[in-house]
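Could you put together the complete structure from these sequences and hints?
2 protein chains.
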Amino acid sequence: MGLLVVGSIALDSVVTPFGETADALGGAAVFFSMAGAVLHPVQVVGVVGNDFPETHLKKLAARGVDLAGVERKQGESFRWKARYSYDLNSRETLETRLGVFAEFQPRIPDKFRDAKFVFLGNIDPELQLNVLDQVKQPKLVACDTMNYWIEKEFKSLLETLKLVDILIINDAETRELAGESNLYRAGRKILSWGPRALVIKRGEYGVVMMKDRSMFGAPAYPLEDVFDPTGAGDSFAGGFVGYLAGCGELSDAAIRKAIIFGSVMASFNVEKFSLDRLRNLTFPEIQGRFREFKQLTHFEGLE
Amino acid sequence: MGLLVVGSIALDSVVTPFGETADALGGAAVFFSMAGAVLHPVQVVGVVGNDFPETHLKKLAARGVDLAGVERKQGESFRWKARYSYDLNSRETLETRLGVFAEFQPRIPDKFRDAKFVFLGNIDPELQLNVLDQVKQPKLVACDTMNYWIEKEFKSLLETLKLVDILIINDAETRELAGESNLYRAGRKILSWGPRALVIKRGEYGVVMMKDRSMFGAPAYPLEDVFDPTGAGDSFAGGFVGYLAGCGELSDAAIRKAIIFGSVMASFNVEKFSLDRLRNLTFPEIQGRFREFKQLTHFEGLE
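Chains A and B are the protein sequences, given in the same order. According to this note's numbering, the first sequence holds residues 2 to 304 in order. According to this note's numbering, the second sequence holds residues 2 to 304 in order.
Fair warning: there could be bad hints in the mix.
Where chains are identical, the list cannot tell them apart; a pair therefore holds if satisfied intra-copy or between any two copies.
Straight-line distance between alpha carbons at most 35 Å, and here's what the computed DSBU-like set of lysine-lysine pairs gives [as the list claims (entries may be wrong)]: (1) Lys295 / Lys153; (2) Lys163 / Lys82; (3) Lys273 / Lys295; (4) Lys295 / Lys112; (5) Lys117 / Lys295.
Keep in mind the hints are simulated off the structure, nothing from the lab. Since the model is a prediction, treat every value here as computed from it, not as a measurement.
Below, the structure is given as structure tokens:
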């Protein structure tokens, strides 16, 4: 069952207390693909400029990611520069140059149109709707968004949400989207707009999942060394949707397990710069960390 | 097995977006006792002024709390006034009048000295050491502290920590105490100073427990209505130590379960003002919410 992701492909330059990168491989669709591909083959739709290093794309291809939907356009690639605070808890965006991404019009190649699992990365909700027009009959549509779209494109975002099964966003976005300070009330409100489930990412605090009659909470993996938080959310999404695509199920139990796989992928991703950790990650390593999550969260029930 | 708590008994006046209280029953030892007493009989040592309403103390007595260690002194009771922000995530202390609590010298009644479980509330670490001199041979000593003592009494605090089995503090205090921004590194450092376990409270994000070879993470209970966060940390501690005293065990499994009982008590506590929810809480209600925690955190393992 095909797993399609549509989103940004970027050149990231980040400074953390532990070092820096320049024009490193980045972007939501990239982190998603690299994490998801360990669990299920991924198809990417995105755009790069003619300055985008072929070696970067080869790293994705080496993981079996299908790049047939990556357009190469005349112009500059999307570039993002940021600096993280000493404790990595906040970051300042130093520069955003959209380049060819500014005019991105997702074109889904014919062979991707019957994808059964679709992840709409953080792009204009109008474009997200446009992607959904091009795919045939997905079994699951998951999507991300951000404060910018909540503020500028609220109406189209609501249209997108009607067609989305699972919305994956962070807690501040959840509150802003619903206009409600209590996270769980905010979540209930958003669920009433369409999505069957809401997966709320809380960074170092873990994840909360809300559905009609089920709620799930998982801590983040306790890391003593975080090198670069960039892409944690998208690698979470890659692990999450990748697991669901792999098992082909959408039960409550599968969604809970998928959240742990997502958390596992996010935890590996931040251990090194850019995609350096995910690129070489093996399935046994993922299983090992999944089991650690089981230990981490286990407690005995009442008799 | 006796369960002794030493700490503040106060008159709290708080303003939240949902209402306010004036001179309501409060203080660390009070929240601890009221939560702990549902699980195990509690003995309190503390001080009140001659203005402290007898009716307030009767609420504790009605729960079976032994007040033989509560001294009534000439002077004003400890009073604390605070206002919470609209989303309850921050609060401003408007007034702190220590009154008779300023000269508090814990005197443990003879009949409390063989307590097997001791909780040292957030008081001067010198006084915490003094309490430990007065008790015979406790099986478990747990303690709390705060930024004030970390900054003013670091040396005595380190002395106390050498004698403490479990330190229960919040995440900002953990980082400040260790002088380390990564929570888990900070935790490791503190463990090397004496405590066998560290229970880190993260408010709405839940709890992390660190021990030598075990780590546990639990989310907070997802509350759609929080009325008054005052005393959440102390009612957590009451449920935590109360459960351990009740089962008489200190195994890893017992500590994990105790954290859930603590989280249950904290979640009930914030549903109403002051002690209003804990006062009437029944054991079946506690069991019910414990089971909800089990549901909330459950996911299937790998084959």
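Okay, the hints, checked on the actual structure:
When the C-alpha separation of Lys295 and Lys153 is checked against a cutoff of 35 Å, the pair qualifies neither within a copy, at 41 Å, nor between copies, at 40 Å. In this assembly of identical chains, the alpha carbons of Lys163 and Lys82 lie at most 35 Å apart only when taken from the same copy (34 Å versus 46 Å across copies). Taking identical chains as interchangeable, the C-alpha atoms of Lys273 and Lys295 lie at most 35 Å apart whether they share a chain (24 Å) or sit on different chains (34 Å). Taking the shortest alpha-carbon separations for Lys295 and Lys112, neither the intra-copy value of 38 Å nor the inter-copy value of 44 Å comes in at or below 35 Å.
Within a single copy, Lys117 and Lys295 get their C-alpha atoms as close as 29 Å, and across copies as close as 32 Å, so both meet the 35 Å cut-off.
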